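Asks: Here is what each chain is made of, one letter per residue.
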Amino acid sequence: MAETLNENELELATDKTLSDDENRAQRLGNVDDMSVDDTSKSAGSTEIHRTGRMTLYIRRFMRRPSAVVGLVILGLLILWAMFGRFLTPYDYSNLDFAALGVPPNAEHYFGTTDGGGDVYAMVVHGLGRSLTIAFISSILSTIIAAIYGVGIAYFEGFVEKAGMWLLDMLLVVPSTLLIAILVRSAGGTSGWAWLVFGLTIFGWVGLARVLRTVTMSIRERDYVRAAKFMGVKPLTVIVRHLIPNLGSVLVINTVLGVVSTVSSETTLSFLGLGIKAPDVSLGTILNEGQSVIVTQPWVLAIPALVLIILAFSVQLIGDGLRDAIDPYSRSGGKAA
Amino acid sequence: MDGFRKTVDTNETVLKVRDLTVNFASEAGTVHAVRGINFDLKKGKILGIVGESGSGKSVTSMAIMGLLDKNAAVEGTIEFDGENLLEKSDAQMSKLRGKRIAMIFQDPLSALTPVYTIGDQIREALVTHNPDMTNEQVHKRSIELLEMVGIPNAEQRLQSFPHHFSGGMRQRVVIAMAIANDPDVIIADEPTTALDVTIQAQILDVLRKAQKETGAALIFITHDLGVVASIADDIIVMYAGRPVEQAHVDDIFYRPVMPYTMGLLGAVPRPDQAKSSRLVPIPGSPTNLVNLPKGCSFAERCPIATDICRETEPDLLDLAGRTDQRVACHRSDEIIAQNLTFREVYGVEESVPSIFEGIAREDRQMVLSAENITKTFTVNGGGFFRRNIGKVYAVNDVTIHIREGETIALVGESGSGKSTTLLQIMNLQAPETGKIELFGEDVAGKLSRKERQLLHEKVQYVFQDPMSSLDPRLPIYDILAEPLKVIGMNREQINKRIAELMELVGLKPDQVDRFPNQFSGGQRQRIAIARALAVNPRLILLDEPVSALDVSIQAGVLNLLEDLQNNLGVAYLFVAHNLSVVRHLASRVAVMYLGHIVESGEISEVFDNPMHPYTKALLSAVPVPDPQYERGRERIILDGDLPSPTEEIKGCAFVSRCPLYKQLSPEQQKKCETVRPVSEKRNTDHTVACHWATMA
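Protein sequence lines correspond, in order, to chains B and D.
If you're matching positions, the first sequence starts at 550 in the numbering used here and goes up one per residue.
If you're matching positions, the second sequence starts at 4 in the numbering used here and goes up one per residue.
In short, the hints are calculated from the structure, not lab data.
Be aware that one or more of the hints could be misleading.
Under the rule of at most 25 Å between Cα atoms (straight-line distance), these lysine-lysine pairs were calculated in the DSS-like manner [stated by the list, open to error]:
{"#": "1", "chain 1": "B", "residue 1": "Lys782", "chain 2": "D", "residue 2": "Lys488"}
{"#": "2", "chain 1": "D", "residue 1": "Lys438", "chain 2": "B", "residue 2": "Lys777"}
{"#": "3", "chain 1": "D", "residue 1": "Lys499", "chain 2": "B", "residue 2": "Lys782"}
{"#": "4", "chain 1": "B", "residue 1": "Lys782", "chain 2": "D", "residue 2": "Lys449"}
{"#": "5", "chain 1": "D", "residue 1": "Lys45", "chain 2": "D", "residue 2": "Lys215"}
{"#": "6", "chain 1": "D", "residue 1": "Lys449", "chain 2": "B", "residue 2": "Lys777"}
Which stretches of chain B does chain D cover? Using the computed rule of at least three CB atoms under 8 Å from a CB of chain D, they are [what the hints assert, rightly or not]:
{"#": "7", "stretch": "651 to 664"}
{"#": "8", "stretch": "691 to 698"}
{"#": "9", "stretch": "763 to 776"}
Label pairs and their calculated CB-CB ranges [stated by the list, open to error]:
{"#": "10", "chain 1": "D", "residue 1": "Asn294", "chain 2": "B", "residue 2": "Val618", "range": "57 to 63 Å"}
{"#": "11", "chain 1": "D", "residue 1": "Phe380", "chain 2": "B", "residue 2": "Met765", "range": "16 to 22 Å"}
{"#": "12", "chain 1": "D", "residue 1": "Asp72", "chain 2": "B", "residue 2": "Arg608", "range": "16 to 22 Å"}
Please read these numbers as outputs of a predicted model, since none were measured by experiment.
In this text, a Cβ means the ideal position worked out from N, Cα and C, and glycines have one as well.
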């Protein structure tokens, strides 16, 4: 029955990747080089009306209202983190001694802390810091995980065994502790870079295990075997055939990785093990707020709310992406 | 429940389908999967619905069962027992499903729940609709059912889990469950497609028996014209969601009127006759169900289409002068008046003479010589140490010789080691025993990377499923360029070569920027063949190259393979389970059973005078698209399944199923059990591995 029902969905089933547009443009160039004179399209039979993959994903993604809402919220948050500081004269590191611990008002939109720090400015900067850390580390760990996980799965045998030992070992390493030590030894302003480093080198392990498992099924596909039979070099096979076909897994994991990285970053900073003064992240503001929760609740409540909105929006996007890319999902629309 | 055998009045209509249409939503637009189908299903009759993938045959059956997805819009009426099934709710349909209308699915592996015993699952089928049955009744009935479908030791087998059963046995269980409640209508959707021919013959027998016992009407859906010829009373041929011809089975096969039906019949090679002429593919590819053409949906592929065909869609009308034959074709009158057959409509081409024609086989160069090769897999036990507890002989002492410009087919049931043999050759490594020589060079010798590369160039591989053998995210250009880059061609050479290749396999060179999923199955297989040809190989190994394709497209690919061989002199070693295809394409054949080659030789010699009892059974199990021949034919139906390869067999591997063995005297049987038969030359070009081949 599935033979024809959803041709497009089937094509998704075999092909899970995001964009080929660049590749394609390049290829079109090559075709021109060939200067083939037979450009006439045959009468109808071979002409295929096709919706581009990217368009298809976007359409399916947009069909889900919650995903669009998530995307809009995330967009607004990013814009706010980038340009929000221009809306206030205060800087996150400057203290306003004329207003110590005042509640939100026209001057200080989100109030101030005990020491006179402007919570608005701090939240804007902290959000930016947290987002930067989250995105960089999430993308980096996905890349490392992809190369490592796919690599060990492709080579099989001893390489795979040894690779898995290393992964299992890394899993039992007390990563939080090591990250704390790393960041502690670094200076105040470069601390966030070390945090990215720490989160990345421990963040890819789980994903690499997942990717190895997925690759185990892809490496048995005929096109991988065909490439081997043709004598294509292993690295080329990995980069050309394996990783691109994991596209959807990679994209979804990167997006969802952002949420988990934000939460581990804030957790570390909250415990005083991550970002350190004078730098600010959502975690450090939360830390500051917990001691004054009764007297100045806004210091805790506002960054907490921002954090929840951020996590929520990314989660919605992740769900939407998964449904858009997954050929078996229910974003098929209605029959006329 | 008693009095199983009912008196069947074959004129009573049990199911009446009128103007059934089914539409689906898809990203590309509305898919018109079924566009108006009418039929009456009579009690005790078997209706075959034939069509290629996407013709709407399965969707029709799902609509009757009320099992379509929510995004399907169904219109028309399906009258059963005076009620319209389409108006019933899911809950109401559940009362009918399994009780009055039962379904048998294609894949028996997924039709049974792995965590329950067979007994529990049959019990469920019974108790759901008969809550009052006592345990004893259920037990008795279950045994009765299993015995009816030919499962030995029924009582003990009730305790078994599905994984204890082979595919054929599972399909029997599924049939037992389908007939458990004595239904009025049984729908079988490609029930034998996933099975080997020998098992298929068994299952068709069981189905016929089950249908007779219950007196039910059977709807048999298939793409295989051979299967339907042997079982159906009436046939509906579907194309692009519409029935295009509807008639008694003999009329369809001997007096087809619709050009599509003719094409389907002409595109299938016959296993029982030597290759007489080239196959005739139906041009073009299956009609897109989203953007249907204005006129007859078949017009763009029909060689005799006229303007009216492209303007209006013909209705399915009774044919003057024929009883009960209905055809949807504007030109049916002319076709009957001029008595046009497939030959006149499609026109048969001449094939190209081979460049090796006239050169005796012995004088051609040896391309591949594999002598006594063996491939074993070790079996590991469970537990912590995973100890080695046995060996499976996937390929056992196999010898193959291929010379330039010839095609050797390996045939046998699944699990007989055909594909493993191909992979073993392709690996270019020393086999466990024996020796593989390619172009006179021993692959076991120390080959440098460069030399190995050169060998890779000369031997290429074509996979079964072009869906999975082409990377879905690479454009055709990159797919074809891959082997060329490996041999270090520069960009200009690559571009030139790709243009040549596309031309060679009959595709337009300007399509190279498209992705594989923009092509139909047949075109994709052409691309896969083009990739294999890219580096000018002298030997191509083909693993079931056409089994994933529709018949009308299969013919085109077979012709392509034939032409390429004749023009380029490339040799093929190909694996197939479809003996009709083998007969058409191959010049020599080797029959494999459990890793052994039991019979080999020149193709017509082996097919016309099979000597090994297994070959005989295999050939007799192949359905032939000829109803009269089928009716008069006596099949050798093998008992049981392929034995497990882990079993250690001292004598002949075929003993457990051999029909000849049963007729032998005890001393002779002893020899079969203890001495492994060796291949002996029985004729000039015919070797058989059987102690008693001359007796059969």
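Asks: Taking the hints in turn, state whether each one holds.
Replies: The hints, checked one at a time:
1. B:Lys782 / D:Lys488: Distance of about 11 Å is within 25 Å: holds.
2. D:Lys438 / B:Lys777: holds, 22 Å
3. D:Lys499 / B:Lys782: holds, 24 Å
4. B:Lys782 / D:Lys449: holds, 20 Å
5. D:Lys45 / D:Lys215: Measuring from Cα to Cα gives roughly 13 Å; hence the hint holds.
6. D:Lys449 / B:Lys777: holds, 20 Å
7. 651 to 664: As far as the stretch 651 to 664 of chain B goes, the hint is violated, because 0 residues have Cβ atoms under 8 Å from chain D.
8. 691 to 698: Since three or more residues must qualify, the claim that chain D covers the stretch 691 to 698 of chain B is violated, with 0 doing so at under 8 Å.
9. 763 to 776: holds (count 6)
10. D:Asn294 / B:Val618: 57 to 63 Å: Given a distance of about 34 Å, which is not inside 57 to 63 Å, the answer is violated.
11. D:Phe380 / B:Met765: 16 to 22 Å: For Phe380 (chain D) and Met765 (chain B) the Cβ distance comes to about 18 Å; the hint holds.
12. D:Asp72 / B:Arg608: 16 to 22 Å: holds, 20 Å
The structure is inconsistent with the numbered hints 7, 8, 10, although it conforms to all the rest.
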